[in-house]
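Could you build all of it, start to finish, from the sequences and the hints given here?
In order, the protein sequences belong to chains A and B. If you count the first sequence from 1, position 130 lands on 130 in this note's numbering, and the numbers rise without skipping. If you count the second sequence from 1, position 339 lands on 1339 in this note's numbering, and the numbers rise without skipping.
It cannot be assumed that every hint is accurate.
Once the Cα atoms are required to be at most 30 Å apart in a straight line, the calculated DSS-like pairs of lysine-lysine come out as [what the hints assert, rightly or not]:
1. K57/A with K80/A
2. K69/A with K1347/B
3. K235/A with K30/A
4. K1428/B with K80/A
5. K1347/B with K30/A
6. K128/A with K1428/B
7. K69/A with K1428/B
8. K1517/B with K123/A
9. K1517/B with K24/A
10. K116/A with K1428/B
11. K40/A with K69/A
12. K1428/B with K57/A
13. K1347/B with K24/A
14. K40/A with K30/A
15. K128/A with K1347/B
16. K57/A with K1347/B
17. K123/A with K1428/B
18. K40/A with K24/A
Hints are computed from structural coordinates only; laboratory data are not their basis. Please read these numbers as outputs of a predicted model, since none were measured by experiment.
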Amino acid sequence: MNGESLGISEEALLELRNITFSYKLRKGEKLQVFNDLSLKVRYAEFLGIAGPSGCGKSTLIRIMAGLLKPESGVVLFRGKPLERPTPRIAVMFQNPALFPWYTVLENVMLALIHEKELSREEKIERAKVFLDMVGLIGFESAYPAELSGGMKSRVALARALVSQPDLLLMDEPFSNLDPLTAISLRREIETLWQNQSLPPSSVVIVSHDIEELVELCDRVIVLTQRPVKVAGEVKIDLERPRSRRSEEFYRYVDEIYTLLS
Amino acid sequence: MSFGAVIIDVLAALGFSWARMTIALLISIAFSLCVGIIAAVNELAERIIIPVLDVLQSIPILSFFPIALYAFIAIHPIIGPELAAIFLIFTSQAWNIAFGVYEGVRLIPSDIMEVSRSLGLSGWRRLIGIYIPAAFPRIASNIPPSWANGLYFLVACEMITIGERKWKLFGIGTLSTSYILSGRIMEFVLSLAAVMAAIILMNLLVFIPLMRLSERYKFEERAAEVPRVWFEKPLKAIGRIFARIKLGSLRIPRVPSPGLRLPERLLRILAISIAAISISVVGYWLYSIFSESFSPEAFSALLEAFARLGLVNPLIMLGFSLLRTSLAIIVALLWCIPVAVLIYEHKFLENILIPLFQIIASFPATLMLPLIAKFIVDARLPLELGALLMILLGTQWYILFFLVDGLRSIPSEEDEVCRAFGITGFSKLRHLYLPRMLPYLVMGCLVAMGGGWNTLVVAERIVLEDFIWDVGNPGIGRMLSIAVSEGDIPLLIATTIWMAGFIMVLNRLFWRRLYEKAIELTGVAR
Chain A
1 MNGESLGISE EALLELRNIT FSYKLRKGEK LQVFNDLSLK VRYAEFLGIA
51 GPSGCGKSTL IRIMAGLLKP ESGVVLFRGK PLERPTPRIA VMFQNPALFP
101 WYTVLENVML ALIHEKELSR EEKIERAKVF LDMVGLIGFE SAYPAELSGG
151 MKSRVALARA LVSQPDLLLM DEPFSNLDPL TAISLRREIE TLWQNQSLPP
201 SSVVIVSHDI EELVELCDRV IVLTQRPVKV AGEVKIDLER PRSRRSEEFY
251 RYVDEIYTLL S
Chain B
1001 MSFGAVIIDV LAALGFSWAR MTIALLISIA FSLCVGIIAA VNELAERIII
1051 PVLDVLQSIP ILSFFPIALY AFIAIHPIIG PELAAIFLIF TSQAWNIAFG
1101 VYEGVRLIPS DIMEVSRSLG LSGWRRLIGI YIPAAFPRIA SNIPPSWANG
1151 LYFLVACEMI TIGERKWKLF GIGTLSTSYI LSGRIMEFVL SLAAVMAAII
1201 LMNLLVFIPL MRLSERYKFE ERAAEVPRVW FEKPLKAIGR IFARIKLGSL
1251 RIPRVPSPGL RLPERLLRIL AISIAAISIS VVGYWLYSIF SESFSPEAFS
1301 ALLEAFARLG LVNPLIMLGF SLLRTSLAII VALLWCIPVA VLIYEHKFLE
1351 NILIPLFQII ASFPATLMLP LIAKFIVDAR LPLELGALLM ILLGTQWYIL
1401 FFLVDGLRSI PSEEDEVCRA FGITGFSKLR HLYLPRMLPY LVMGCLVAMG
1451 GGWNTLVVAE RIVLEDFIWD VGNPGIGRML SIAVSEGDIP LLIATTIWMA
1501 GFIMVLNRLF WRRLYEKAIE LTGVAR
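Pasting the structure below:
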């Protein structure tokens, strides 16, 4: 299955309209990160965002999640302004950010804290389903400190998905993992996204690894240096699962590198 | 008395007190450098020095003041009390600095030591070029808490009555106490304001520049700093908390660091003479104590004092005292947890409250004790309430600062996870704040309890000239104070041994385990 057969519509699941954002520096100076930035995340799309390091990719993810408020401009989620974080949008950070004092199961259940209609047993059941999905069944009562880096990322993924979000935002999720673990985790995320009966509908991934983006995404948006603008976008029309060895694959990689430089 | 005369009096008293503090601090630094470096460099010395320091830091300082006083009067009847006061202040300042030096030297990266060895640096060059610079940041960050601690005891040691004999040193503690006892509120407030101003000036002109200066002496922090001594962490944390909060929140214009470089020979003479003076003073003092107390008569008097105390009575007194300090800690926790969370969540509150609390916290609570005592007695309020208030003054700030520090240690991503899942209010407190705060909370309570034991000695009973504050109910601090008033030295020593022993047992059996448990529970052990 590829993006085409899932019927990507032009309608936006999440839209950033004319976003402006800057960080305050010490002496009252401002560091302009975004100036009038607009982009769309479509339904059932796997969107990649590439950009030079330090261009504000992580800030962008936080704005999309509602964790940071833009100075001006709006973030529209399903056509409505996004005022605060919602369980419908899940975030996977660069660092798994698991709570060390909770077990794997409790960490995942934390994302269900607002599901008032679920009983405790139902929550445990649901969390287990998602732990199973990321291949961690049998580790429910382990503590994060006892897990390897790849397993921690899987717990973070299960925690992000258990509330069945429409949108999964990922901030360099594979950068702290060894290459082999990263390969298998990428496969899992791709498979989950392709399965229409499972969340999430759309995925946004921010990365500086261009090959990773070409392997996973339907579309890659390339950002410029500060103040950030969209340098261009590349539609990737390749059969899934994609092989990194094909000539076409490298044509896309080169195209993105050209936009970056 | 005219206003001008009062001001002159207050300033003169402040000068005397500050001079005592400064001399004690310099001796503390010299002592810490000697002991800390030796302990860090020599393994045999480490095994002796560290446990001895552990015992010394758990003895309530005020209880051995009368003993020290007698010992120093033996040296000289007029200078003696002055030396005793300096000695007492020294004992309240030295231990955390000594641990800081020990740790700073111990954590010198091994490559630096290897380079110095391959360059063939002599012991003296290594001391000047490596050990002292390595210890300098730790000394600088430990000076503010040491100064606050010293101020706390300064007030208590300027004025003492042992049996029939009374000593009164001229200083801000005696002056402000006599103001409040004679009901001269204006003058009392003026003296407090002077202390406050002096503390702020000390911070701006000495402590902060020192800490800025020490920035350049810092080695790269090593990833795994494994504490070898369990209480090293709490002690180190106090220094760090003071350093971080002060530097972070007080944005004052950069004070130019003195570009002064003393000639090496002068430095050497200075170092040797400070070391010689401190060693001879401590040596003479120890000699005079031991030569007296090891006589058979003194020993049998001590045994007899133990017999007088019995077995049940000290336990009852300790129980009451423990109850008072625990209650004070609970009250402190009740207000500190919400305030710490508020400070953490609202940046503007942090900018206002932290510097304010810092200044209030470094203000010696002992200066307020006469005021509280007089107020409680005059208003006919329960005496135990007064004791609770006094202990609270000596404990609450540690807890608050530790809690704020604990909240600041929360990785921003954990906070974002909570926000992303809409975890707020009480569930955020339960799932994120409390677990993250827990080890800091235990450390804060441990340090606060230490402060509490010291405050007990004055909070349960204190003699202020003709005015006697006494809670009435049993208490170990009250017993100590009674022994001092009666001039009963054997009884005083016996009570001190009971108290110090109890504190050590409590630390080992309760606090240490609780701390380890908290670390284990929260899984944040590195």
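Quick rundown of the hints versus the structure:
| no. | hint | in the structure |
| --- | --- | --- |
| 1 | K57/A with K80/A | 23 Å, holds |
| 2 | K69/A with K1347/B | 17 Å, holds |
| 3 | K235/A with K30/A | 35 Å, violated |
| 4 | K1428/B with K80/A | 27 Å, holds |
| 5 | K1347/B with K30/A | 19 Å, holds |
| 6 | K128/A with K1428/B | 23 Å, holds |
| 7 | K69/A with K1428/B | 21 Å, holds |
| 8 | K1517/B with K123/A | 29 Å, holds |
| 9 | K1517/B with K24/A | 41 Å, violated |
| 10 | K116/A with K1428/B | 16 Å, holds |
| 11 | K40/A with K69/A | 17 Å, holds |
| 12 | K1428/B with K57/A | 28 Å, holds |
| 13 | K1347/B with K24/A | 14 Å, holds |
| 14 | K40/A with K30/A | 27 Å, holds |
| 15 | K128/A with K1347/B | 39 Å, violated |
| 16 | K57/A with K1347/B | 25 Å, holds |
| 17 | K123/A with K1428/B | 19 Å, holds |
| 18 | K40/A with K24/A | 27 Å, holds |
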